[in-house]
Amino acid sequence: MRLELVTRNGKTIMSPLRIFGAPALLAAGFLAVAAPARAQEAAPAPLPPKQSWSFAGPFGRYDQAQLQRGYQVYREVCSNCHSMHFVSFRNLSQAGGPSFSEGQVKALAETFKVQDGPNDAGDMFERPGRPSDPFPSPFPNEQAARAANGGALPPDMSVLAKARDIEFGGLWFMLQPFSQYSEQGVDYIHAVLNGYHDNPPDGFKLPDGKYYNDYYPGHAISMPKPLSDGQVTYTDGSPQTVEQYSHDIAAFLMWAAEPKLVERKRMGLTVVIFLAVFIGLLYAIKKRIWAGIHDDTGVTTAAQPGE
Amino acid sequence: MSGSTTFVPKNPVLKWFESRLPIIGLVHSSFVAFPNPRNLNYFWTFGGILAFMLVAQIVTGVVLAMHYTPESTLAFASVEHIMRDVNFGWLLRYMHANGASMFFIAVYIHIARGLYYGSYKAPREILWILGVIIFLLMMATAFMGYVLPWGQMSFWGAKVITSLFSAIPLVGDAITVWLWGGYSVGNATLNRFFALHYLLPFMIAGLVVLHIWALHVPGSNNPLGVEVKSKKDTLPFHPYFTVKDGLAVVCFMLFFSYFVFYVPNYLGHADNYIEANPLVTPAHIVPEWYFLPYYAMLRAVPNKLGGVCALFGSILLLAFLPWLDTSRIRSANFRPVYRVFLWVWFAAVAGLGYCGSQEPVGGIVTASQILTFWYFFHLLVVLPLLGFFETPLKLPATITDAVLSTTRGSSGAMVAARTTASPSVDG
Numbered sequence: 001m002r003l004e005l006v007t008r009n010g011k012t013i014m015s016p017l018r019i020f021g022a023p024a025l026l027a028a029g030f031l032a033v034a035a036p037a038r039a040q041e042a043a044p045a046p047l048p049p050k051q052s053w054s055f056a057g058p059f060g061r062y063d064q065a066q067l068q069r070g071y072q073v074y075r076e077v078c079s080n081c082h083s084m085h086f087v088s089f090r091n092l093s094q095a096g097g098p099s100f101s102e103g104q105v106k107a108l109a110e111t112f113k114v115q116d117g118p119n120d121a122g123d124m125f126e127r128p129g130r131p132s133d134p135f136p137s138p139f140p141n142e143q144a145a146r147a148a149n150g151g152a153l154p155p156d157m158s159v160l161a162k163a164r165d166i167e168f169g170g171l172w173f174m175l176q177p178f179s180q181y182s183e184q185g186v187d188y189i190h191a192v193l194n195g196y197h198d199n200p201p202d203g204f205k206l207p208d209g210k211y212y213n214d215y216y217p218g219h220a221i222s223m224p225k226p227l228s229d230g231q232v233t234y235t236d237g238s239p240q241t242v243e244q245y246s247h248d249i250a251a252f253l254m255w256a257a258e259p260k261l262v263e264r265k266r267m268g269l270t271v272v273i274f275l276a277v278f279i280g281l282l283y284a285i286k287k288r289i290w291a292g293i294h295d296d297t298g299v300t301t302a303a304q305p306g307e
Numbered sequence: 308m309s310g311s312t313t314f315v316p317k318n319p320v321l322k323w324f325e326s327r328l329p330i331i332g333l334v335h336s337s338f339v340a341f342p343n344p345r346n347l348n349y350f351w352t353f354g355g356i357l358a359f360m361l362v363a364q365i366v367t368g369v370v371l372a373m374h375y376t377p378e379s380t381l382a383f384a385s386v387e388h389i390m391r392d393v394n395f396g397w398l399l400r401y402m403h404a405n406g407a408s409m410f411f412i413a414v415y416i417h418i419a420r421g422l423y424y425g426s427y428k429a430p431r432e433i434l435w436i437l438g439v440i441i442f443l444l445m446m447a448t449a450f451m452g453y454v455l456p457w458g459q460m461s462f463w464g465a466k467v468i469t470s471l472f473s474a475i476p477l478v479g480d481a482i483t484v485w486l487w488g489g490y491s492v493g494n495a496t497l498n499r500f501f502a503l504h505y506l507l508p509f510m511i512a513g514l515v516v517l518h519i520w521a522l523h524v525p526g527s528n529n530p531l532g533v534e535v536k537s538k539k540d541t542l543p544f545h546p547y548f549t550v551k552d553g554l555a556v557v558c559f560m561l562f563f564s565y566f567v568f569y570v571p572n573y574l575g576h577a578d579n580y581i582e583a584n585p586l587v588t589p590a591h592i593v594p595e596w597y598f599l600p601y602y603a604m605l606r607a608v609p610n611k612l613g614g615v616c617a618l619f620g621s622i623l624l625l626a627f628l629p630w631l632d633t634s635r636i637r638s639a640n641f642r643p644v645y646r647v648f649l650w651v652w653f654a655a656v657a658g659l660g661y662c663g664s665q666e667p668v669g670g671i672v673t674a675s676q677i678l679t680f681w682y683f684f685h686l687l688v689v690l691p692l693l694g695f696f697e698t699p700l701k702l703p704a705t706i707t708d709a710v711l712s713t714t715r716g717s718s719g720a721m722v723a724a725r726t727t728a729s730p731s732v733d734g
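So the sequence lines, in the order shown, correspond to chains A and B. Each residue of the first sequence is one higher than the one before, starting from 1 at the first, in this note's numbering. Each residue of the second sequence is one higher than the one before, starting from 308 at the first, in this note's numbering.
Since the hints were derived computationally from the structure, they do not count as laboratory data. Treat the hints with care, since some could be wrong.
Once the Cα atoms are required to be at most 30 angstroms apart in a straight line, the calculated DSBU-like pairs of lysine-lysine come out as [as the list claims (entries may be wrong)]:
hint, chain 1, residue 1, chain 2, residue 2
1, A, K210, A, K50
2, B, K611, A, K286
3, A, K225, A, K205
4, A, K225, A, K50
5, A, K50, A, K260
6, A, K210, A, K225
7, B, K536, A, K287
8, B, K611, B, K317
9, B, K536, B, K322
10, A, K260, A, K106
11, A, K50, A, K205
12, A, K113, A, K225
13, B, K322, A, K287
14, B, K539, B, K317
15, B, K701, B, K538
16, B, K701, A, K260
17, B, K701, B, K539
18, B, K317, A, K286
19, B, K539, A, K287
20, A, K286, B, K538
21, A, K265, A, K50
Here chain B stands alone, though its shape is the one from the complex (with noise of 0.2 angstroms):
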């Protein structure tokens, strides 16, 4: 990765290890002497939340998984044997439940993020597709985790998500059962489900290593949206941002714990304490929170393959955001139109999450549809056209800058319109 490399190590084990694999050099010019924008807010130490959080689901899912039985006959009973009788079995499989949940409160807060700071625009578009991939695989491994305890939502999820690629034309019915193993959802789908449940998160970390890498290219984005200029913009990574970081972490953890020791089945589903029955259907088939927005979706579209793809490519899209964007200005702070739509397509995607919790009856099913639509339209005909018509504020010349043009005057970079973008966005 990127970053001046001046390091040389003193100890002549390791200059003679060093010269031969420099990767003392390659971790120090990353993670020590790394240049960050002196400007980076809290929002940005959710990278290093979520890089915690993989580590400690591999590490309690490893030791899980060495209690844990996937065949469907044994596997309630086991997630109950290493709640009782597995030594710190409760916390183990509590800190790994609410793990996932944390993960993703993480990596949407990392995206939204991302949103608001337009950190998907050149020259980081390779690295926001990373993200958007790493994303969809957290979502297959966390739709095939939950599936492992056996209860009845593990179940009825699986039945209902694996169902939707019946929906596709010609083929769709041959794939589910390739997926099933079967014709239904029996012991071969937990098998397989757990094998690639233990397999994805690797997959995960392996990109994760693409990411960082690809974020070292051009480095971090900051709250201004204006490109590192000359040294004074950066402090090195150690000790201003391993510090920052750190502490962003450990008031995560406080806030995980909370959840972990006082409301541990709060963020799962009463239902999956029932073990898997084929024959008996739960009232009211609901996924995990994190995927609510995208099951209100599923079910707004009244058409089956039209949910299935409004489902896909809701997120699919994401990783177009890079061309669909034509500002060139990053920040919302720079951009009040932007800023106020980008709000209001948050707050859509809290409704659908909502309208993804109830009963699609009524009211539910129109506010669903209304949301769905306004999703789309946001990506697909707001974001392209804002570009062409919104006047974007004053940006500052460089971070250094920033403050001193504001309290100074207006002596700092003047913006008028989009095209005529200071060059300080082009980096």
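Same shape as in the complex, but just chain A (with noise of 0.2 angstroms):
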């Protein structure tokens, strides 16, 4: 996660010295704000192209069955280099989300070895996995991350689809709020998946250990093509394309990133209906409380009331 938000901008700016100079430190701001201009003149990432998501809009809610894919893609291949610590077995069974029965999550959380301890003896134990437990790591820690991936540290997924933006540019910003769009993150997250090419485009120089993607900022990812045709193997039919694992796993991000989406929209309606209905209400009242006196105007035409 670090490491990548350095790369993404294909810029260094770790540079020690500019980061704990007291007296630089305003510049640091200034810098980071105006590096991207002087940084690599790679060519602009095109923005990510919307996709159809079933939690879009206000009656969004989550299709249980891309959820469970989209767990068994991360299962198969994302968690060997993705950590997700701040989901846990339980969730899974969550009303809401991919909803796997208890007995499932129970039988799927003991598939898992977890270190626990100190026992009385004071030593660290191995046990299996608990519903309660978090998902394990694939690595002890950020060092032994970077260290098995070419010096990159592999995001941790939990609120991943969160944390991904996409600048559209111009005054949509202003639209934005209106349209209800907030699927950025899972949009980026396709497009990334679906954006690797064999070979950067002529006159491009990929650095060693990078790969060429398309919306990735700077173009130079140091996570390799993920997923391919075939690789994850479906149980319910679902077509087993890269196209297919990658709105299923982004799918299963947003919902790990945002599990009480469905139960907020929901809550949603029910308070843009009452308040509705209150305002309706209190309009009533105040057009009769005010009635022959004219608000806003100056004029009194009626008695004074309450005299």
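Grab the two chains, each in its own frame, and use the hints to assemble them into the complex.
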């Protein structure tokens, strides 16, 4: 997650001098903002194409089967490098999510070995996982993760779908809240998973150990193409293509980042309807109380009330 | 607070209580019998909306504080704990985070209303200055609150803003280290920001009491800017303004709810869902939207100290508005030239906000500089001169006469020049 931010923008602003030199701190802020313009002049990344998601819009709901497939992709592919330490096995059986049964979750958790302890003798020991355990991380620490990934740190995936944005530019930001579009994170993740090219375009110098991706800022991504057709075997007959995998994993990541999304939108509808009715009633009462008194104009045509 | 206290409790227990602590009469005179100009428009409901927002922020904030951990290695995780495991924690947090933005939307409308209708002019200078102090405290509170989730924008925002103090000659660096509680933004900074973030809202609440007190001495200004002359010009606060403010508050709650339930992260920044890392600077450090105009001014001035002075000066200057504005006519409705300049100034602030959100390169820098210049030019040059050169429109003698005079011809009070402004503005 950390290194990724550095490479995402194709620049190195990790110089400890600049960061720790107190008088230069303000400059650090300025330079950080100014830097992208002077940074590597790669071709600008195209906007990730908008996808159709079951959880978009005011009535959005997670697709349970899709989340289950997404978990399968996460477990078989992503979790080899990416941790997800804010999500626990028990979350997989919560309403509105993948909704595995409690028995399934218990059995699933037991397939993992979890370190616990110390016991009465003061020793750490391993035990089978329990539903209350968070997803085990693939690496014991950041250094181990970097060592295994050519210096790059695979970001934790717990809130990844909310931690990625798309810059649309222009004045779209004024309209965006009213379009309710808030799937930038999943659109970006889907685009990156489908944006790999074996060879970079002519003239693009790809650093060693990097891979070319259309949508990744700066195009040089440290993660090799993670998905290929037929890699994960679905049991529900869904197409076993990168396109399908990337939709499923992105949806799963959205759920992992925002497990209360369905509850939120459902409550929102109730609240909005309640308030709208309440406003109607209050407006009628207000009209009645103010009847005969022209507000906003300064006219008095009625007898002074309260006298 | 003022107002005619005619209230005498009938209940003997209340009577006994009232004779020892006349608080019921105080509330009655301030919020029931209080006479308000009858011509207030809906822009005058934002005071009530702001009071509601302050209470909403304190209530959600106190509950969030029960579950939040102000420690640099645990803060981010505790916010995720609130989002995932605390009952309705997601609702509390989204209400609190979006509530900050709503608070600022309301306060900006409230301030703009004061500017348009000249509410800062005599005899309401203290009321206005108290408002500017409340605004400053709000900004400090919001800034420190944004640091608490300890995401990347929290951390780097804190770093950039606290580093502003290092621009102060001689003692700047010492002050910065003192603010941080160390040689960098870290756990000590997070701790003190949490403590202050919890403290300041109560100081704001105290100042709000003074603000309302100072309001209730001269009473509210109104869209005509003509002082209340007789009881005929007013209506009692209850039921007329309780129901009107109530309606406005509920409408605002609907707007607020839309953001909380449907686009809760729109007003935030995606990078703040990445845990703070002192070794990695985000590509683009931006403050929350409500600070963007000031951020643009900070960056517009090439000199660091100059930028910091522009930033703080832009707000402090507002406190001097009652004396910078030399016109005795309050409402912009009667000041044709001021009205145009004011809308240009509003547009300049909005333009600065846009510049603040963009990378400071090329045209954005030039635009920020022009707009920053205009911001100060308007306050320091246009406003003082306008009072001498502008010919205001006819001002009605009283609120009640306002429309009667226009329908019956020009029998209303006539205002030829600012110096002979009708006695009505002197209240």
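Verification of the hints:
1. K210(A) - K50(A): 26 angstroms, holds
2. K611(B) - K286(A): 53 angstroms, violated
3. K225(A) - K205(A): Holds, because 18 angstroms separates the two Cα atoms, which is no more than 30 angstroms.
4. K225(A) - K50(A): 21 angstroms, holds
5. K50(A) - K260(A): With a Cα-Cα distance of about 23 angstroms, the restraint between K50(A) and K260(A) holds, given a limit of 30 angstroms.
6. K210(A) - K225(A): 10 angstroms, holds
7. K536(B) - K287(A): Holds, at roughly 26 angstroms.
8. K611(B) - K317(B): 65 angstroms, violated
9. K536(B) - K322(B): This hinted pair is violated, its Cα atoms lying about 34 angstroms apart.
10. K260(A) - K106(A): 22 angstroms, holds
11. K50(A) - K205(A): OK: K50(A) and K205(A) at ~29 angstroms, within 30 angstroms.
12. K113(A) - K225(A): Distance ~28 angstroms between K113(A) and K225(A) Cα, so the pair holds.
13. K322(B) - K287(A): 35 angstroms, violated
14. K539(B) - K317(B): Cα-Cα ~28 angstroms, so holds.
15. K701(B) - K538(B): OK: K701(B) and K538(B) at ~23 angstroms, within 30 angstroms.
16. K701(B) - K260(A): 58 angstroms, violated
17. K701(B) - K539(B): 21 angstroms, holds
18. K317(B) - K286(A): 29 angstroms, holds
19. K539(B) - K287(A): 20 angstroms, holds
20. K286(A) - K538(B): 22 angstroms, holds
21. K265(A) - K50(A): Cα-Cα ~21 angstroms, so holds.
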